[in-house]
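Engineer: According to our numbering, the sequence shown holds residues 1 to 482 in order.
These aren't lab readings, by the way, just hints derived from the structure by calculation. Owing to the predicted nature of the structure, the values given are computational and were not obtained by experimental measurement. Watch out, some of these pointers could steer you wrong.
Claimed, not checked - Below, in silico cross-link-like pairs of lysine to aspartate or glutamate (EDC-like), each with a Cα-Cα straight-line distance of 16 Å or less:
{"#": "1", "residue 1": "77", "residue 2": "7"}
{"#": "2", "residue 1": "28", "residue 2": "141"}
{"#": "3", "residue 1": "28", "residue 2": "186"}
{"#": "4", "residue 1": "146", "residue 2": "295"}
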Amino acid sequence: MLFNSIDFALFLPLVFAVYWSINGKNIKWQNLLLLIASYVFYGWWQWKFLLLIAFSSVADYLVGGALGRTNDPGRRKVLLWLSLAVNLGLLGFFKYYNFFLENFASAFTLFGRDISGRALSIVLPVGISFYTFQTLSYTIDVYRRKLEPCTDFVAFATYVSFFPQLVAGPIERATNLLPQFLRRREFTYDRATDGMRQILWGLVKKVLIADQAALHVNYIFDNSADLSGSALLLGAVLFAFQIYGDFSGYSDIAIGTARLFGFDLMQNFAYPYFSRDIAEFWRRWHVSLSTWFRDYLYFPLGGSRGGTAMRVRNTFIIFIVSGFWHGANWTFIVWGLLNALYFLPLLLLKRNRRNLDVVAGDRSLPTWRELSSMLVTFGLTVIAWVFFRAESVTDALTYLGGIGSSSLLAIPNVPKKIRIAILLLAILVFLLTEWVGRRDAYAIERLGLSAPRPLRWFVYSVLFTLVLYFGETEATFIYFQF
Numbered sequence: 001m002l003f004n005s006i007d008f009a010l011f012l013p014l015v016f017a018v019y020w021s022i023n024g025k026n027i028k029w030q031n032l033l034l035l036i037a038s039y040v041f042y043g044w045w046q047w048k049f050l051l052l053i054a055f056s057s058v059a060d061y062l063v064g065g066a067l068g069r070t071n072d073p074g075r076r077k078v079l080l081w082l083s084l085a086v087n088l089g090l091l092g093f094f095k096y097y098n099f100f101l102e103n104f105a106s107a108f109t110l111f112g113r114d115i116s117g118r119a120l121s122i123v124l125p126v127g128i129s130f131y132t133f134q135t136l137s138y139t140i141d142v143y144r145r146k147l148e149p150c151t152d153f154v155a156f157a158t159y160v161s162f163f164p165q166l167v168a169g170p171i172e173r174a175t176n177l178l179p180q181f182l183r184r185r186e187f188t189y190d191r192a193t194d195g196m197r198q199i200l201w202g203l204v205k206k207v208l209i210a211d212q213a214a215l216h217v218n219y220i221f222d223n224s225a226d227l228s229g230s231a232l233l234l235g236a237v238l239f240a241f242q243i244y245g246d247f248s249g250y251s252d253i254a255i256g257t258a259r260l261f262g263f264d265l266m267q268n269f270a271y272p273y274f275s276r277d278i279a280e281f282w283r284r285w286h287v288s289l290s291t292w293f294r295d296y297l298y299f300p301l302g303g304s305r306g307g308t309a310m311r312v313r314n315t316f317i318i319f320i321v322s323g324f325w326h327g328a329n330w331t332f333i334v335w336g337l338l339n340a341l342y343f344l345p346l347l348l349l350k351r352n353r354r355n356l357d358v359v360a361g362d363r364s365l366p367t368w369r370e371l372s373s374m375l376v377t378f379g380l381t382v383i384a385w386v387f388f389r390a391e392s393v394t395d396a397l398t399y400l401g402g403i404g405s406s407s408l409l410a411i412p413n414v415p416k417k418i419r420i421a422i423l424l425l426a427i428l429v430f431l432l433t434e435w436v437g438r439r440d441a442y443a444i445e446r447l448g449l450s451a452p453r454p455l456r457w458f459v460y461s462v463l464f465t466l467v468l469y470f471g472e473t474e475a476t477f478i479y480f481q482f
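Kindly generate the complete structure, drawing on both the sequences and the hints.
Structural biologist: As structure tokens, this is what we get:
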């Protein structure tokens with residue numbers, strides 16, 4: 001079920017009304033309702049994939065319980081590896097089987113051996129990368145004794161399948177989200193209106209920025225061989241805003257929806273395009289994934305405690321694994337490798353922890369140095385996004401070569417120039433709004449706290465009308481493929 005669909009527009013208020021009308025606000029019945037609603041939400045695509053979520057839930061619930069009943073180090077380690085094998089095994093089969101098969105066969109072809117393997121027609125379950133990492137955080141934290149095993153299966157299964165963030169995150173930690181299913185939730189008007197406001201802002205990002213940019217991005221990337229360098233540059237920049245509006249828009253809708261039911265999810269995007277270096281960008285982009293890899297892979301590898309060689313090795317491992325997490329294609333691996341190369345000078349010069357504050361502080365405008373740093377960082381991410389968007393590494397290199405051609409300074413030879421001009425104006429307004437709200441959890445949060453009521457409702461009405469007018473209910477979210 002899509003957030004931007006008529007189905008969800010009917011589903012959400014129905015679940016919301018029943019949830020808060022449950023007699024005595026009994027958390028067990030509320031959790032059971034959320035579990036059923038989450039399975040309906042996910043099964044709307046393909047009910048057969050519910051078996052995977054159910055299997056992962058049962059497996060990790062049992063492993064967590066077994067971890068809580070033993071203090072034997074060897075047995076505990078076996079249980080942890082069992083959880084890792086089950087979850088990563090399912091993820092590897094559905095997401096990477098054909099990729100490894102094809103590359104294995106290609107490797108032997110280089111040595112004159114023709115090995116053929118049987119590729120499978122595997123349909124990738126929506127959101128499997130997200131809920132796999134979420135359930136793994138539970139068993140790892142129980143193993144580390146940071147969390148007590150959950151004894152309420154309904155609460156645990158709801159944590160794994162919680163519909164607002166099930167498909168594309170944020171990837172929640174068990175230490176943060178699971179305890180919220182075990183305590184009483186109270187309805188408050190302010191929390192509900194704040195949730196609705198963040199949902200509206202997420203829809204604005206998705207419908208007015210991402211979906212409108214996608215129309216032009218798809219044309220430019222599909223016809224890149226016939227377009228000027230300026231048109232290719234335009235396509236790359238628009239894709240940067242498409243993926244940001246699409247993914248952060250989903251996160252805003254997820255966080256706002258969870259707040260309607262009394263839950264607090266972590267902030268997944270913190271205005272990443274205002275970053276002054278690549279290290280800051282990765283502290284602000286897909287925060288839930290970046291911190292997951294930091295805590296469950298980077299630190300166990302030694303983190304920054306070793307020498308320079310170890311820090312460099314660990315950094316490259318994190319970025320390459322992050323790229324591979326996104327998809328079974330060499331383009332994602334190169335994308336991760338490129339970001340590691342961007343990060344490397346900061347690491348070697350020990351400048352990767354410089355920009356920890358909000359850009360421009362309490363000032364209205366950035367300094368020229370801050371502005372130039374943001375533009376350079378944005379330019380580097382745009383180059384990397386070309387690999388993320390391209391069908392192959394060769395296509396990406398050809399595309400980038402086209403940008404560097406002599407036609408870079410020509411007027412972009414693309415259709416619908418007026419619509420593109422309007423879109424660029426909309427992106428400018430969007431950036432200004434985000435700049436003003438960059439200190440808050442989402443850009444229009446303060447609008448609901450300090451603006452006069454007539455102004456608030458006027459802005460809400462305009463945004464909602466635009467979302468309805470431009471909304472395309474069949475426009476899926478980019479990160480559904482991961």
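Engineer: All hints, please: hold or fail.
Structural biologist: Against the structure, the hints:
{"no.": "1", "hint": "77 x 7", "in the structure": "violated (44 Å)"}
{"no.": "2", "hint": "28 x 141", "in the structure": "violated (24 Å)"}
{"no.": "3", "hint": "28 x 186", "in the structure": "holds (14 Å)"}
{"no.": "4", "hint": "146 x 295", "in the structure": "holds (13 Å)"}
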